[in-house]
Amino acid sequence: MTIFIEIFQRAVLTAISLLFGCTGEIITEKSGNLNLGVPGVMCVGGISGFSGALMYEYFWGGADNPNAFLAIVIPLLFCLLGSLLMGLIYSFLTITLRANQNVTGLSLTIFGSGVSNFLGGFLVKQVSPGAETANISVKVSTKYYMAKLPFSDSLGWFGDMFLSYGFLAYVAILIAVLTALFIRRTRPGLNLRAVGENPATADAAGVNVTKYKYIATCVGCMISGLGGLFYVMNNSSGVWANDVVEPLGWLAIALVIFTVWKPHFAIPGAIIFGGLSVLPEHLPKFVTIPMDAKPLIKMLPYAVTVIVLIFNSLRKKRETQPPEALGLSYFREDR
Amino acid sequence: MQNIPAIRFENITKRFGNKVVANKHVTMDIQKGEIMALLGENGSGKTTLMNMLSGIYRQDEGVIYINGEEAHINSPRDAYDLGVGMIHQHFKLVDVFTAIENIALGMDKKESGGTKEITEKVKAICDKYGFDVDPKKKVYNMTVSEKQTLEIVKTLFRGANMLILDEPTAVLTPQETDKLFAVMRNMKADGKSIIIITHKLNEVLAISDRVAILRKGEYIGTVLTAEASVQSLTDMMVGEKVELDIERPDLEYKEKKLSVSHLSCRDKYGVTVLDDVSFDAYGGEILGIAGISGSGQKQLLEAIAGLQKTEKGSSIIYYDNSNHVETELTGLSVSEIKKMGVTLAFVPEDRLGMGLVGSMGMTGNMMLRSYKMGHSPFTDRNTPRDLAVKVKDELEVVTPGIATPVRKLSGGNVQKVLVGREIALEPSVMMAAYAVRGLDINTSYTIYRLLNDQKKKGTAVIYVGEDLDVLLALCDRILVLCDGKVNGIVDGRTATKEEVGLMMTHLADDASAVPHESAQEQSDASVQDAQAETIQETKEEGEK
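Protein sequences appear in the order of chains A and B. Counting in the working numbering, the first sequence runs from 1 upward without gaps. Counting in the working numbering, the second sequence runs from 1 upward without gaps.
Everything labelled a hint here was simulated from the structure, so no lab data went into it. One or more hints might be untrue.
To be verified - Heads up, simulated DSS-like pairs for lysine-lysine below, C-alpha to C-alpha not over 27 Å straight-line:
hint : chain 1 : residue 1 : chain 2 : residue 2
1    : A       : Lys262    : B       : Lys116
2    : B       : Lys110    : A       : Lys211
3    : B       : Lys138    : A       : Lys317
4    : A       : Lys317    : B       : Lys372
5    : A       : Lys316    : B       : Lys137
6    : B       : Lys116    : B       : Lys137
7    : B       : Lys338    : B       : Lys372
8    : A       : Lys317    : B       : Lys268
9    : A       : Lys317    : B       : Lys110
10   : A       : Lys316    : B       : Lys147
11   : B       : Lys110    : A       : Lys316
12   : B       : Lys136    : A       : Lys317
13   : B       : Lys116    : A       : Lys316
14   : B       : Lys24     : A       : Lys316
15   : A       : Lys262    : B       : Lys312
16   : A       : Lys316    : B       : Lys138
17   : A       : Lys262    : B       : Lys338
18   : B       : Lys338    : A       : Lys317
19   : A       : Lys262    : B       : Lys268
To be verified - Just a few of them, taken from the derived set where beta-carbon distance is under 8 Å, the chain A residues facing chain B:
hint : residue
20   : Gly159
21   : Asp160
22   : Ala202
23   : Arg332
C-beta atoms are modelled at their ideal positions from N, C-alpha and C, and glycine is treated no differently.
So that you can see chain A by itself, here it is in the shape it has in the complex (with noise of 0.2 Å):
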């Protein structure tokens, strides 16, 4: 049983990283730009979060006299901030220069992951020279992250299976069936739609489509960024790892196809995405498997987006389908 429940937590901890990852992805793909810079945006978050513990921690006296509230806002401040401006640059690039969305995506991804590889190494060289970046963590901001919910301890299997994970697991959650609701039930919900479906029938509406495209776009990559800090913080308990987020950013987009672009399906979804990609560590105490399984077992997240791919396609359900417009640039003068 306990080691079920082990197994479950390790998925939701993963889960939790794509299901920010997804839900940002999800709201900015809805405005039709397909931001495949979400894994540079989540290495970044992760590496502004981080770097806004470390400085908390090592220069602003965090460590000495440890305050819970600046421990958790400052590394959150710093991870939105850096979001936002990945974001912001994307926007910048395909929605007023009318860049090549993909190009502009993926040269994101590059430079996010390169950014933060690079950072990652200097910051910690900066706090203690010549240290390893593996032993230097930053411990106080995790201790708040990771704290669990009340009563956790007491609830037995329930409090360790859905009670003992860090706030940003339920902000996630929570996020996500909001972003849901905000999506079907509101009237920005619905111009937003509108903009990634047809931006010039929205235009025509009276919507303001670059406002639109800009805003969830940069708000989309803000939510996508907190996946990295919850990753560094939660999951990696505080200490920098090269090349282990941007993989994530990845299955994050593929979790996008996988709900069919409805936020509610991302928490179920990415259990299961969270949990396929643990299996390959786990697997081995129940079954010998060759090491060299173990990358096809990694494989599984897209292979089954793969198979949601096709039956989609052959579904031909328009209400599951990509928004229309996903992809293109708008100009209102296009003839």
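Here the structure of chain A is known, so what remains is to put chain B in place on it, guided by the hints.
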């Protein structure tokens, strides 16, 4: 009429880039409670002028006054606030939204109320003017006419007092047009100003109070409809007298070139779009294909061309009469058909998508038909270059040079390049879909002449058209498609417009197939008849 016009354009100029002047010093008025027709050839700046009124474009010079006050219209939102609503040619609707969602789009809950309030208000508008809208229906399930109705209701919902309709009848059947006109008269009686952009003179005469005419971006004048005639309007519109008759030579000798039988096709969603279509095409005649858009015209031509997968039991037999060979074309690819020695010319609807490569010059586009010829590993560029020069000279293609990318040419010149290339194949069967769509009258007539030349050479010409007047004037026989089925083949010399229009909407053996249209009343049937006769005599007008 009141002294203050509902809308006044004063000295409006709009340029695109440095060279193209879409509107030049246009000054005109529209009164309250009148239907004003805005008439002009293609590229005369009608839509551009109206787009400035509806906030899509911004004028470079000049002032627009609404109800006597200077209006600054920077966005569609501003236009709505001023009571101006435009129904665009390409509907501005979101396909996956319901009717109500489309109406609510862009409005605050404070303005529009919740879904319930919207539904009630929509119902009130429908009752008042005679519309029929199903609030929960998704747009992708709607017919063209339903979409248009939704567009009009949407603008009325937003309190528009001034409506602009951009070629509203281009996609409608005659019966649907009558219904639209009845609604427009109701709106006019309610004091709304309506501007209708159109090419169709009979409609101008049937519906409008006054006609404003634009030519090459310039305002020519306004006349009272009661004092106008088809001839006088045409003269104002084209500026010079244009020969209106389309030639229809009678040829004695006709040989069977193509025999289509039991042809059925499905579209990518698995819906049957062509259902058991059978007909023969003869050399030396033009076979017209009529039908409301999306009745299977595209699939029919593409099936013959080898681009469309056909269902089991379909047969398309090509007769090579000189060699007495019959070739079955179904199941063959384009290149296999070509290898068989069958010369099919195809002028597709989507000129720069399927017909030509926009970023290549005329030579490159000519090469698309010939690049496989010869045995050299290098392609032969000289023959296509010569052909390009020949097409340019003979069809008077206006282009800076044969190397200029064809997408930079105007619509008419693009079509000339395409038709010129296809004719150069010396085809035995020539297919053209909407060959004059978007062309001005002069270019349209050039295309008709080229098709007639092919007919005289003994080619079987299949012409898919949307303008019934042109079809009736040009074609020897007209095959009418309705809902993917052949609903009859009529003689182009004796058939009437009403007859064909009715066949387009009512399946002969299954009247219930299109209950929506069949329920409509022909309130203006007599007016339509009178107009149709006038049109038959003069054979005017290029298509939209």
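field: Hints not upheld, ascending by number
entry: The structure breaks hints 4, 9, 11, 13, 14, 15, 17, 18, 20 and 21; every other hint is satisfied.
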